[in-house]
Amino acid sequence: DGGITQSPKYLFRKEGQNVTLSCEQNLNHDAMYWYRQDPGQGLRLIYYSQIVNDFQKGDIAEGYSVSREKKESFPLTVTSAQKNPTAFYLCASSRQGANQPQHFGDGTRLSIL
Amino acid sequence: QKEVEQNSGPLSVPEGAIASLNCTYSDRGSQSFFWYRQYSGKSPELIMFIYSNGDKEDGRFTAQLNKASQYVSLLIRDSQPSDSATYLCAGSILTGGGNKLTFGTGTQLKVEL
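Here the protein sequences line up with chains A and B, keeping their order. Per my numbering, the very first residue in the first sequence carries number 1; after that it's consecutive. Per my numbering, the very first residue in the second sequence carries number 1; after that it's consecutive.
Keep in mind that the hints were calculated from the coordinates and are not lab data. These numbers come from a predicted model, not from an experiment. Take these hints with a grain of salt, some might be off.
Pairs of lysine-lysine, BS3-like flavour, derived with a Cα cap of 30 Å [as the list claims (entries may be wrong)]: (1) B:K42 <-> A:K9; (2) B:K67 <-> A:K83; (3) B:K56 <-> B:K67.
Every beta carbon over 12 Å from chain B, so not counted as near; a handful from chain A, in silico [unchecked claim]: (4) L11; (5) N18; (6) V19; (7) N26; (8) G42; (9) R44; (10) E72; (11) P75; (12) T79; (13) S80; (14) N84; (15) R95; (16) P101; (17) R109; (18) I112.
Even glycine gets a Cβ: it sits at the ideal position worked out from N, Cα and C.
Chain A with its partners taken away, still in its complex shape (with noise of 0.2 Å):
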């Protein structure tokens, strides 16, 4: 089945703690997204990749790095100096083209210890 798969689905930090969400997808899409939800608001953008070795920041990129070394592999880094790391946070694709709809994975749950 094709499809996006987001692990892990539940993950705890540590003060001072890097960690690292991992996206994968088998559509084929060249366009891949990562998002963070908190309660009660919409999704807002923190990276974005068209291409292989190509990402642009989204509107709140401050505290997060991304890697884009296959075209199926989006790997998403919440750093230490991210201090409000807990939220939902999704991974979607799509195909090239502002027509194109966004699939999602079903998420990563991070909170703090």
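Following the hints, put chain B in place on chain A, whose structure we already have.
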């Protein structure tokens, strides 16, 4: 001013009624609009998208777009309890770095028996 605005609700409708969900946007460069349904604790799932003025129907769902008024809506006919969820509206803008979606904060829909 938020780029995409939705009434947070909750919007309560009786089973079998028509639910009308509305969304306004501020960026006239927005090209396409997407409606996602999100159940509590789950990731968003795509319902419909629209990029031309007018109506687009898919089963019980109708999306409406009025670019002059910068207004998007989603009608759900014959509402069912299983339609109870938060509905997210998103607009897309094509940037140099690719396609960006901006999400509203969502409208909570409750379909009552």
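Going through the hints against the structure:
1. B:K42 <-> A:K9: Between K42 (chain B) and K9 (chain A) the Cα gap is close to 11 Å, so the pair holds against 30 Å.
2. B:K67 <-> A:K83: violated, 39 Å
3. B:K56 <-> B:K67: holds, 14 Å
4. L11: L11 (chain A) is indeed farther than 12 Å from all Cβ atoms of chain B, at 16 Å.
5. N18: holds, 24 Å
6. V19: holds, 19 Å
7. N26: holds, 17 Å
8. G42: Violated, because the least Cβ-Cβ distance between G42 (chain A) and chain B comes to about 4 Å, which does not exceed 12 Å.
9. R44: violated, 8 Å
10. E72: holds, 17 Å
11. P75: holds, 18 Å
12. T79: holds, 21 Å
13. S80: Given a closest Cβ separation of 27 Å, the condition holds.
14. N84: Non-interface label on N84 (chain A) holds, nearest chain B Cβ at 18 Å vs cutoff 12 Å.
15. R95: violated, 9 Å
16. P101: violated, 5 Å
17. R109: violated, 9 Å
18. I112: holds, 19 Å
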